[in-house]
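> So the protein sequences, as listed, match chains A and B.
Using this note's numbering, read the first sequence as starting at 1 and increasing by one per residue.
Using this note's numbering, read the second sequence as starting at 484 and increasing by one per residue.
One should not assume that every hint holds.
[What the hints assert, rightly or not] Partner residues aside, some chain A positions facing chain B, computed with beta carbon under 10 Å: (1) K46; (2) K74; (3) V75; (4) P78; (5) I80; (6) D400; (7) G403; (8) A404; (9) D431; (10) E479.
Source of the hints: derived by calculation from the structure; they are not laboratory data.
Glycine residues also receive a C-beta, built at the ideal position from the N, C-alpha and C atoms.
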Amino acid sequence: METEPKTANELALGDTAYKYGFVTDIESELAPKGLDEDTVRFISAKKDEPDWMLEWRLRAYRHWTTMREPTWQKVNYPPIDYQDAYYYAAPKTKERLNSLDEVDPELLATYEKLGIPLREQEMLAGVAVDAVFDSVSVATTYKGKLEAMGVIFSPISEAVREHPELVRKYLGSVVPYSDNFFATLNAAVFSDGTFAYVPKGVRCPMELSTYFRINATQTGQFERTLIIAEEGSYVSYLEGCTAPMRDENQLHAAVVELVALDDAEIKYSTVQNWYPGDADGRGGIYNFVTKRGACRGRNSKILWTQVETGSAITWKYPSCILQGDGSVGEFYSVAITNNRQQADTGTKMIHIGRNTSSRIISKGISAGHADNTYRGLVRIQPKAEGARNYTRCDSLLIGDACGAHTVPYIETRNASAKVEHEATTSKISEDQLFYCLQRGLPEEEAVSLIVNGFCKEVLQTLPMEFAVEAQKLVGISLEGSVG
Amino acid sequence: MRARTTQSWPTDERLIAAERAAAAGPAWLAETRRQGLRIFRDAGVPHAKIEAWKYTGVNGLVGIGFDPHAPAPEVRIPPPPLAGLEDAYRVVFVNGRFAPLLSELDGLAEGVAVVPLTTAAADPPEAVRAHLGRVLDLDGMPFAALNAAFWTEGCLVTLDDGCTLSRPIHLVSIAAGGDAPTMFAPRTLVVFGRGARATIVESHLGTDGAPTFSNAVSEVVAAEGAVVEHYKQVQGCEADFHVGASAVSLGAGASYDGFALTLGGRLVRNETRVTLASPGAECRINGAYAAFGDSHVDNTTLIDHVAAGATSRETFMGVVGDSARGVFQGKTLVRAHAQKTDGHMLHKALLLSSGAEVDAKPELEIYADDVKCSHGATAGKLDETMLFYLLSRGIPRGQARRLLIEAFLAGALDEIRHANVREALRGALMKSIGDATRDLGCD
């Protein structure tokens with residue numbers, strides 16, 4: 001791996017573990033600070049949105065003003081001042097872009113530095129990327145090739161204009177605008193995100209990917225992703241995220257909606273590496289995200305994989321609503337918290353249809369002064385004849401000042417269902433550590449190796465390119481946690 | 484709507500009366516009563532938005548105008564002792580009032596005292612002042628707070644250092660349904676001296692009649708090296724409500740073996756809190772339940788590992804049929820510095836019919852790294868292969884089902900250490916399941 005020059009930020013903070021902490025010096029266009037109906041109108045106007053979209057946003061905004069921020073989650077943070085943030089930040093551009101050649105070279109360089117070379121990716125086979133920079137999508141690759149197969153892969157703002165019938169039909173159908181405090185906020189102010197539509201019978205020929213980057217200061221990022229897999233189709237989608245190192249906390253409140261129709265399959269993988277804050281817990285992203293997939297069709301399948309290593313606070317529960325008979329939901333998660341990071345994450349599997357099945361594999365690793373909570377719900381509705389769930393949550397503790405918690409909710413309302421749940425908590429085995437050390441591995445490498453082994457079941461569900469990155473990340477995230 | 488119901492129960496006049504009654508007693512007791520009242524007033528009646536009561540609604544209970552002053556119907560014939568426990572010392576309470584004629588305390592060994600709590604409170608021995616109301620933290624326990632404010636009678640059991648009791652002490656609380664709904668608040672305090680050993684069995688039984696609400700609190704204190712066996716049987720009638728809290732505090736090297744068997748009642752909640760505050764303490768909390776009809780059975784436990792090197796084991800098994808509901812909320816808390824903790828928790832439930840529901844929340848909250856903690860939970864139906872095996876050997880379906888249910892729950896009962904109690908509770912369980920499954924038309 002090439003060594004990267006250290007940015008001023010990295011040197012100043014004296015923290016070498018987070019290599020994505022640089023800031024791109026690019027002029028931003030911001031909405032006025034604060035949040036009111038005018039902010040919502042401003043964003044909608046910026047996006048050139050039809051009236052129905054603005055109406056929906058305003059409905060969400062008005063509902064949001066009546067809601068209270070939830071407090072049940074096991075995380076602590078000072079109250080967020082929602083008026084002290086920018087809700088829209090976009091790199092200044094002259095005209096609408098027609099091809100990558102017109103993208104600001106500064107932006108392309110940013111993505112290159114992040115390991116997402118947008119230009120080269122056009123040449124290499126494999127991944128189509130939608131790059132979201134602060135509030136807007138700056139580039140989408142491979143559009144032409146995908147279009148030929150009928151696959152729509154575009155920024156959601158573009159889809160609102162070009163495919164209103166699809167967006168109108170599905171937007172908010174899985175996560176309604178009134179769903180929860182942060183999802184409602186998102187519905188009001190979401191600025192961009194990814195839209196993917198895979199038509200009937202099409203197996204999407206490449207991985208679709210979105211790379212989220214927060215750059216501007218004092219902004220929140222509110223992106224919205226909507227993926228629809230028509231009958232018999234298949235799509236694999238990846239997302240990655242990074243942000244500069246700053247002393248302030250920035251809010252990232254995204255919403256992801258997935259819809260799988262008959263026999264369709266959606267695989268959604270996340271490697272979340274937002275800036276986690278420094279060793280004393282200063283700065284970092286608040287990652288408060290609502291992700292939900294609806295298995296609407298018969299034998300449909302949704303598979304979530306997440307590797308959560310970043311963010312000061314992670315709070316998300318990628319869920320599956322198993323409506324269609326024979327539908328399948330799977331959730332694989334690795335959540336690593338170090339220093340003062342906090343994570344409260346897990347999943348919800350709602351079994352509604354007959355013969356639905358779900359599988360949950362969660363690996364939590366806690367080090368330093370961090371708190372890591374698995375919170376999950378498995379609900380078998382009365383009509384879910386023959387439903388089946390298997391859950392396994394393992395927690396690993398490194399150091400005596402961290403916490404690991406498991407809070408499963410298991411609700412069974414059908415006698416023919418079979419539900420199993422297992423959980424364990426322990427520290428790194430002394431024997432394994434000794435074995436590695438005795439063979440000459442340095443302690444940090446040994447810990448990384450053991451932790452990677454602990455997470456293997458999850459990491460191997462990731463697409464190959466991501467799996468390699470994730471493995472490295474696991475090691476990096478735990479640097480400084482031993483010894 | 485709900486808010487209104489909650490506020491009006493118990494009525495303000497009742498609370499004021501309780502406050503007055505509290506002031507009339509000894510000063511130290513008055514203070515604990517006032518505190519209970521204050522906590523209950525602040526917390527109010529629990530509802531589904533309160534996490535600990537998410538799965539157990541009490542609107543059904545609140546809706547009935549329970550009267551603490553309803554005269555207790557007379558019970559002249561002592562209840563049949565649990566088969567197998569005929570030799571136990573017996574203390575009987577009817578609707579929370581001591582019934583000396585039904586009790587049997589002859590030949591109580593030296594070093595053991597069993598006295599009605601009011602008698603003890605009038606001239607309190609040190610044990611009462613030191614421990615009554617001190618073991619159970621009322622925070623988040625609104626019903627226990629209500630008990631602290633309202634209890635009228637209870638039982639004090641003390642064992643001197645080194646005292647070993649071979650015969651169990653059987654505390655029987657009968658909820659006698661009269662003409663009007665009745666509520667009462669039994670209170671028990673058991674204090675084990677150093678190295679003392681004894682078996683305490685609590686039976687909460689119901690008789691037919693108007694609904695009853697038994698709001699019980701038991702506190703158990705075990706000094707260094709004491710060996711406590713504390714078993715509880717709840718077998719109410721269709722209209723009986725029982726909300727019981729047990730709090731246990733263990734000294735160094737003390738061991739606690741608890742079991743809660745629930746066989747009936749409109750709503751039953753057994754809430755157990757064990758604090759392992761000293762190294763080497765060991766606790767086992769187990770239980771079994773069979774819920775049929777409209778019954779709602781809730782087992783909620785908290786095992787609090789404060790000291791290092793303590794061990795906890797927990798196994799609950801339940802069978803739920805008809806439109807009954809089983810709830811299990813278990814929490815193992817390992818505080819910072821409670822290193823070398825070894826904890827295991829298991830809940831298994833069997834669903835017998837389509838209207839039944841089981842909700843489980845086995846929880847781990849861990850702040851120390853050198854620990855071994857795990858939990859497991861399963862829910863499912865009777866194993867078809869096992870059923871087929873029995874049918875193929877000519878056993879009728881109903882009997883085969885009953886055999887399998889019994890075998891399932893027997894696994895939990897095997898955890899009871901005291902052989903006589905184990906057999907006695909097994910007998911009660913088998914009879915209850917036999918009755919319930921016969922009603923189901925299993926034969």
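> A closest beta-carbon separation below 10 Å is what the hint needs, so does A/D431 meet it against chain B?
Because about 14 Å separates A/D431 from the closest Cβ in chain B, which is outside the 10 Å limit, the hint is violated.
> Take the shortest C-beta to C-beta distance between A/E479 and chain B; is it under 10 Å?
18 Å, violated
> Was the hint right that A/V75 lines chain B, CB cutoff 10 Å?
14 Å, violated
> Could you check if A/P78 really has its C-beta closer than 10 Å to a C-beta on chain B?
With a closest approach of 22 Å, the A/P78 hint is violated.
> Holds or violated: the hint that A/K74 contacts chain B, with Cβ atoms closer than 10 Å.
9 Å, holds
> Have a go at the A/K46 hint: is there a Cβ in chain B nearer than 10 Å to its own Cβ?
39 Å, violated
> Given A/I80 was flagged as interface, is its beta-carbon under 10 Å from a beta-carbon of chain B?
23 Å, violated
> Any CB of chain B closer than 10 Å to the CB of A/A404?
5 Å, holds
> Given A/D400 as an interface hint, is the shortest Cβ-Cβ distance to chain B below 10 Å?
5 Å, holds
> Going by Cβ atoms only, is A/G403 closer than 10 Å to chain B?
Status holds, d = 5 Å.
In this structure, the hints that do not hold are numbers 1, 3, 4, 5, 9, 10, in rising order.
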